[in-house]
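So the protein lines, in turn, are chains A, C and Z.
Residue numbers are given in our numbering: position 221 of the first sequence equals residue 222, and the series is strictly consecutive.
Residue numbers are given in our numbering: position 310 of the second sequence equals residue 1400, and the series is strictly consecutive.
Residue numbers are given in our numbering: position 57 of the third sequence equals residue 74, and the series is strictly consecutive.
Covered stretches of chain Z, as calculated for chain A (at least 3 residues, CB under 8 Å):
hint : stretch
1    : 309-317
2    : 389-396
A short list of chain Z residues far from chain A (calculated; beta carbon distances all over 10 Å):
hint : residue
3    : S40
4    : T48
5    : L50
Hints are computed from structural coordinates only; laboratory data are not their basis.
Even glycine gets a Cβ: it sits at the ideal position worked out from N, Cα and C.
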Amino acid sequence: MLKIQDVSKTFFPHTVNEVQALQNIDLTIDEGSFTCIIGTNGSGKSTLLNAVAGTFIPDSGTIHIDGLEISSWTEYQRARLIGRVFQNPFAGTAAEMTIAENIVLAMKRGKMHPLTIALNKKVKSEISDRIRMLKMGLEDRLDNPIGTLSGGQRQALTLLMATWLRPRLLLLDEHTAALDPKSAAKIAELTSEIIKEEKLTALMVTHSMQQAVDMPDRIVMMHRGKIVEDYQKEHKKRVRIADLLDTFDRVQKRELFDESVAKLLIREYI
Amino acid sequence: MNLIIGAFTIGLILSLLSLGMLISFRMIRFTDITVDGSITLGASLTAVLIMAGWSPWLATLAAFMAGMIAGSITGILYTRFKIQEILAGILMMTALYSINLRIMGKSNIPLLDTKTVSQIPEQLLLSASGGESKMLIAGWQVSLIDLSVLISSTFLCLVIGWLLYHFLLTHYGTALRATGNNVQMVRAQGINNNKMIIFGLALSNGLVALSGALLAQYQGFADVQMGIGMMVWGLASIIIGEALVGKTNIWTTITGAVLGTILFRLLIAIALRWGLNPNDLKLVTALFVFAALVAPQLFKSFHKKFTKSSNHA
Amino acid sequence: MEIRTIKTDKALLVTIKERLDASWSEYFTDTFLEYIRNGEHRLVIDAQEMSFLSSAGIRSLLLVSKELTKVKGDFRIINSNEFVANTLRTTGFGVWLSEAKAEDILPATKEINEADNLKNLFIISKDSGITLKLISNWKPWENISESKIKRVEFLPDSFALGIAAPPAADKDAVLKFGDFVSLCGHIVYQPPEERSRPDYFLPMENFVPQLQTIQCIYAQGEMSHLLRFSPEENKENYRIGELASQALSITGSSLAAFVILAEADGLVGAHIIQSPEGEQSFTPTDFKKLRDWLSFSGERAYAGEQTLIFGVVAKHALGGKIDFLIPLSSNPEIAIHAHTTIFPYQTLQNGKLDLMHQITKFFNGPPPKGLMHLIDDNRPSTGLGESSFTRGAMWCAPAKWEEDNV
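Bound conformation, chain A alone (with noise of 0.2 Å):
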C-alpha cells in the first residue's frame, strides 16, 4: 500500500550541522495495517513520517501510495491521500474558527471547494451526530471556536477531521505526546477505536513504549536516519516494553562501538 522505497534526506548538507536524518530507508506498509515507528530522539522517525506527509522532499528515493509515485506531489496534494494529526495539538485545527467550521473543511480534505454556503442545518446535523461518538459533549458546542477547547478535545477533534473521509493513510505524529496522561490515554484509546472500525492503514511515531506494544501490528525501530528493527506479526505479538528496552539499549551499545573498541578488541579479544 505504501511503499518507501531507499528514500534519504539530509538536512544543512556540507556544514557543520550536517545530519543525515534518513539513510536509505525501505519500508512497506500492507493495507489494513497499523504500523509505529519509535526511536530516540533525532533517530528520524518523525522525519520519515513528514517525508511521506510531503513536508520536504527527500534527497533520494520514491515514495508510493497504492501504486501511485506520490515523491513530487507537494503536500497538501498528498492530503488527499493522507490524513494526518500532529504532535502539537493547536496544529491541526484552526483555533479562531468554530468547530463546525473546521469540521467542515476536513469534508472537503483534498477535493474542490465550491462556492456555495459551507454550513447548513443538515451539515451541522450530520457533524453533530459524528460528534457525538467522541463522548466529550462537543456536539452541542459546534458555533464554539475551537480555540477554546481544551488540547486533549482537540486532539480528539483532530483525529476525528483526519479520518472523516476514509483517509488511504493515516498519519499519528506523536499525537498523544503534548497531552496530559489522562488524555492521552483517552486518544490513544480512541486511535486504536477509528483504526479498527475503519480498518485504516495507519503509520504512528511515538515516544511510548506501552502505546508501542499495546495499539499497532508493527513496530519498526529508528536509529541515526536508519531502520534497526523491525518487528512483525509473531515477533510483534511476542514483543514487551522490556524487549524494546533491550533493543534499544543494544543499538546504542553498538553506537559506542568506535575505532578505539575495535582497535581494543583487535588487540586483546583472542
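Go by the hints and put chains C and Z onto chain A.
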C-alpha cells in the same frame, strides 16, 4: 449637515478599502502594503477611462480588475519567489507609483462634469425635486449631488458587504479564512495555501482599487499621491470597528469594518473642524493606530502587576 | 515506623519503632533484604517499641526469614510486648520469639579481629590441582578447516571456556560458533546473534553435554582453595586482576585456574555476534565491519547481578608458551583469559561454600542473562578498565598444562 454627509460618504467609500484590508490583514493575516498603491491605481485608471469616454460602471469594474492583478502579483512575489510579505508589498507599491503616473500621464487628473456611477440616483433625485439642485432635509440645505453619491455608495457598500459575507461562508471562503489561522492545518486538509494567499490578496486589492475608483469619482480628481497613508487609515478603521462591535463572527466583523470607517471619518471631520492642521492628520492617525496596537498589552501587564501586588498584600 | 541498627560481632541488632503494617511492610522488606545482601545473616529484631504488627508485617517477616534460611542465617525477635508476641504466637510464628536480652547480643566493648582476613581463606583440599588442555586453537579470524573443529564432552569435574557451537542435528547444517563457558559440566553458550539470550546445557543422569569447539581451554581437576571477599574500609570492590593475582599467590603457583562467583560491580567484555565460517573473507581492519562480528559491552555492565566466571591466569614469563592468555595493563606480570556468565542476583551464604552446590543452585534458578569474554579495556582516557566485583567467592587451584596438547 454637509459635513456629516461628506464624512458618511467618504466613510462608506473607504469602507470598501477597509473590507479589502479585512481580507488581507485579518483573514489571511498578510501585512499588505500594496494597498497604498492599489487605491491610487483604482482612482487613476477610472479617471483616465472616464475621461476617455468609458461608462463609469465599466471604468469602476476595470479598476477592480486592475487591483486584483496588482494583488495577485504581490501574492506571487511572496509565494512563488519567497520574498518577505512586507517587502513584496513595498515592491509592488513602488512599482505601482510609476505605473499610476504612466496611466495618468501626469500627476493629477481632474474629473469635472463627467458622468459618475452616481448619475442614476442623481437624475432620480433631480426629477423628484423638480429640478432644484438642493433639497431641504430636517431643516438643512443638502446638495442633491452629495445626496446621490451617498445613496450610490450606500448601495454599493451593501451589495459588496453582502457578497463578501456570503463568499466567506462558502467552502472556498472558509478555506481562505483558515489559511490565515493555521497554514499547517490548511495544507493537511489538502488546500493549496499559496493559491489562497494569492486569491486573498487579489480580492483584497480589487476592493481597495474599487474604493479608489469611487473616491476619485466623488472627489472629482485622481492624484498620484492620494494613496499615501491609506493603509494606516484602513487599519485604524478596522481597529475602531472591532472595538465598536467586536469580531465574534463574520457578520459583525464586516459591519464593524464599515461602521469603523464611517466613525473614523467623522472623527477626522470633527477634528479638522476644530482646527487640526490637515498636515498633522497622518501623524495623528499613526499615533492612534500605535495606541490601539499597544493598549491591549499595556492593559494586560498593568492588570498583571496589579493582581500580583494585591496577591502580595 | 523507624528502623535503627547496631552492629555487633554476633549479629545485627535492629530496633523497630511503632507500626509494622501494610503501608510500611514493603519498605521494611527492602531494608532487611539489603542487610542480608550486605552479608548480615544473623538478624535480631528488638521489638520493645513496636506498637503494632499486621498481617502484612508478618508477611514481610516471613520473607526475610525465608531469605535467611536460604543462606543458613538466623532470625529472632526479642523484647516483644504482649500484643506483638500474641499476634506471632496465634499466627504460628512463635518460633521467632526469643527470650534473649539485648545485652546478650551487645558486647560491652566491640573488638575488631585483626585476623579476620585470614578467616576468609578456606583450604578445600591441599593437594588438588588442575590439568589444562588446549583442545582447539582457532584464532579470530582464521579460516576454519574441518581439522580445527574438535568435539568436546564436558565432564562434571571439568571447567572450560572458548568458542564453540552446539552439535548440529544433521551433518550438513551450518555450525553457529559463539562464546561459551562451562562449569562442572554446565554449559552456557551465547548464540552468535546480537538479539538472543545465552542458551545453556545441563548434565542429566546419563547425558554429558557436548560442543563442537574451535577454541577451547579445557580444565580438569578439583579446586584447592576458596577465598571469600566483601567490601572493607577503603576497599569497595575487587578487580579481576587483583583476584587473579591472589589466585596465583594463594596457590603458590605460576599458573592457576579460578572460578569466581560474585556480585558484579561492573563487567567489561565482548562476544561474537556473527559466526565465523570456513572461508573467512574478513580481516579486522575496518571497525565498522568489526561491529558486525563482535558486540562490546560499551559500559560497565550488569552491576548488582551475580557473575559466574571461569578463568585461567599465568605469570607472564610463561606467556611464550601459550598466547591465549592476555597480559593485564594494570599488572603486566600476569596474563589471563576469562569468560563469564551472568545470573540474576541471589544472596550467597557466608563462610565456606561448596562450588558444585552453588553451580547447581544457580543453574536451577532463573536463566542466565548474558555471557561475555572479559576484556581489560585499557584505552587511554576513555577506557572502562577491568571488570570488578563487590563481594563473593573465588575458588582456585594450581594448574599445569598437559604436556602433549594439540
